[in-house]
Amino acid sequence: MSTAARPIARRRPATVQKRALSAVLSTTAVAIFLLSIFPVYWMIQTSFQPTSDIIGSDVNFWPENFTLRNYNTVLFDTTRAQFFPALKNSIIVTVITVVVALIFAFLASLAVTRFRFRSRKAFILTILIVQMIPGEAMIISTYRLLDGWNLLNTIMGLSIVYIATVLPFTIWTLRGFVNGVPIELEEAGMIDGLSRMGAFWRITFPLLAPGLVATGVFGFIQAWNEFLLALVVNSRPEMMTLPVWLRTFQIANGTTNWGGIMAGSTLMAIPVIIFFLIVQGRMTSGLVSGAVKG
Amino acid sequence: MSTIGRAKVVAPSAVDGEVLVSPAPVDPAPKRSRQGRFAPYVLLVPSVALLGVIVGWPLIQLLIMSFQEYGRAQVFGAPAPFIGLDNYVAVLTDDKFWQVLSRSIAFAAVCVVITMVLGTLCALLMTALNKFFRGLLSVGLLLAWAMPALTATIVWGWIFDTSYGVVNYAFTNWLGLDYQGHSWLIAPLSFFLVATLIVVWGAVPFVTFTVYAGLTQVPDEVLEAAQLDGANGFKRFTLIIFPYLRSIFLVVFILQVIWDLRVFTQIYALQGIGGIRDETSTLGVYIVNTALGSGEYGTGGAISVITVIILMAVSIYYVRQTIKEEEL
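So the sequences go chain by chain: Z and L.
Numbering-wise (my numbering), the first sequence opens with residue 1 and increments by one.
Numbering-wise (my numbering), the second sequence opens with residue 1 and increments by one.
I should point out that these hints are in silico values taken from the structure, not numbers from a laboratory.
Treat the hints loosely; a few may be bogus.
As the list claims (entries may be wrong) - Covered stretches of chain L (chain Z as the covering partner; in silico rule of three or more C-beta atoms under 8 Å from a C-beta of chain Z):
hint : stretch
1    : 40-52
2    : 144-152
What the hints assert, rightly or not - Derived DSSO-like pairs: lysine-lysine, alpha-carbon spacing no greater than 30 Å straight-line:
hint : chain 1 : residue 1 : chain 2 : residue 2
3    : L       : K235      : L       : K324
4    : L       : K324      : Z       : K121
5    : Z       : K18       : L       : K131
By construction, the Cβ of each residue, glycine as well, lies at the ideal position given by its N, Cα and C atoms.
Given the sequences, and given the hints that come with them, work out the whole structure.
The structure is reproduced here in structure tokens:
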């Protein structure tokens with residue numbers, strides 16, 4: 001009797017303890033969740049408040065006097081650098097960057113996955129190393145390069161540099177996806193009369209669609225967010241991209257228009273957040289694919 | 001007879017016909033191998049050419065420029081004389097450079113340690129949560145991760161704003177401290193407190209998700225066996241989980257070191273909101289300020305070269321580790 005009762009008596013405090021522990025852990029999770037989303041929430045909720053509330057003596061945790069005036073100012077105010085030209089520049093540069101980088105990277109990743117050739121390893125090494133060169137260190141000579149070609153304040157100039165910036169990562173990631181397409185499929189295509197390039201184009205390329213989307217989105221995010229080069233190279237107001245535009249908004253006048261800045265930030269961040277959520281799973285595996293696999 | 005003969009004649013010709021349809025019947029072997037030998041190089045041409053022109057060439061230019069006297073006059077066409085190591089001597093004997101360098105390293109060290117510890121704890125937390133709370137935590141971390149660095153910095157700057165920031169408001173009205181009109185960015189130490197918060201906030205999700213992905217691969221039986229043998233949570237982490245995830249931790253750690261050493265946007269934007277440049281610049285910001293602000297391209301070039309060398313030295317570990325794991 002007593003021996004049978006003991007384990008039961010012991011188990012009960014254990015479950016209480018366990019429940020307490022899980023309550024603590026869940027509370028911690030909620031706390032981290034709130035801390036993580038707080039800046040995003042704060043940005044959005046401020047953007048919907050009238051200025052009188054933003055710089056009032058009390059802080060509002062909810063846009064009680066909901067207004068779209070900040071967005072109206074940001075989008076249509078003509079007294080400062082304008083939103084829509086910047087948006088247009090950003091979109092054009094980003095699209096060019098993503099498309100060209102994907103094409104170049106597709107070809108290069110075919111080379112390193114489907115062929116064994118001398119200097120193949122050297123190329124991959126170079127790709128990994130180039131990725132680590134900080135853009136700030138290169139800013140002077142990049143500026144001079146573009147200046148020499150009369151490409152300052154052009155879509156072309158900015159796009160070319162962005163393509164080179166995102167290319168290493170794009171090649172590295174696409175390489176993994178190309179590896180995932182069985183070479184037997186290409187061989188089957190070649191037996192059926194396709195040339196080698198035809199097999200790449202008509203068999204491998206369509207199968208790569210998910211990889212191309214994922215890799216492309218990261219190129220998009222990088223180009224969309226890039227700030228320093230755009231600031232230095234495309235300084236003319238009509239050639240600005242969104243990050244540079246956002247900064248002018250901040251400096252424009254003495255008293256900071258926080259409502260406007262938050263509205264601008266929201267407009268710039270939303271597409272990135274959406275795209276990021278679509279492909280986030282690939283991000284981790286892309287950067288540490290080797291380590292995770294091992 | 002004749003039909004059989006005809007059939008006999010037709011059959012091989014049919015085969016021949018089929019061979020003829022596919023390209024190059026007689027010398028397909030040499031042609032294809034020659035094509036195969038050059039094909040990879042042809043495929044690499046666009047990438048190599050672009051990287052050579054946009055990265056390689058400026059890199060060489062940078063190196064050359066760092067040995068030249070290159071200031072405003074040279075930008076407007078004056079010849080740039082070679083002055084040997086003068087730029088490097090100037091940089092390395094400048095107290096300011098050493099301040100910036102040690103500041104960068106200290107900042108990176110603090111950020112990396114905090115990020116790694118918090119990220120790992122969050123990952124461990126995720127394994128202990130039920131589905132709902134794990135999902136909730138993931139959503140929060142994802143949002144923080146997805147936020148662009150520039151907008152994140154601006155928003156944090158607003159949260160810590162001197163006059164209307166929510167932090168000062170909360171400290172004053174909820175905790176009874178006198179933080180009304182307190183400037184967070186003017187003193188270098190609290191500037192870096194805010195900067196650390198921004199960087200860590202943005203970097204923890206990456207560590208968490210990567211480590212969590214690794215944690216799910218640690219076999220449960222091993223952990224259970226250790227638990228039965230009396231290993232507590234800490235021992236299970238140091239003796240089982242950590243060795244299992246060693247390579248993941250290493251790669252994540254190196255990436256964090258690289259990213260935090262080259263931190264730019266956060267510091268630069270935060271200075272724009274209200275920091276003192278001289279007292280808060282890190283390497284990247286210092287380069288930009290030296291070269292673009294004061295037009296000293298030669299000195300800026302020397303600092304850039306030094307920065308590239310430092311980052312390359314750190315990166316070699318990452319590259320080596322990646323290549324080892326990937327079995328190229």
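Hints and how they fare:
Coverage of the stretch 40-52 of chain L by chain Z holds [criterion: at least 3 residues with CB-CB distance below 8 Å; count 9]. Interface restraint, the stretch 144-152 of chain L with chain Z: holds (9 residues with C-beta to C-beta distance below 8 Å; minimum three). The suggested pairing of K235/L with K324/L holds, with an alpha-carbon distance near 29 Å, which does not exceed 30 Å. With a C-alpha separation of about 12 Å, the suggested pairing of K324/L with K121/Z holds against the 30 Å cut-off.
Taken as a hint, the K18/Z and K131/L pair is honoured in the structure, with Cα atoms around 17 Å apart against an allowance of 30 Å.
The earlier numbered hints are all upheld by this structure, with none contradicted.
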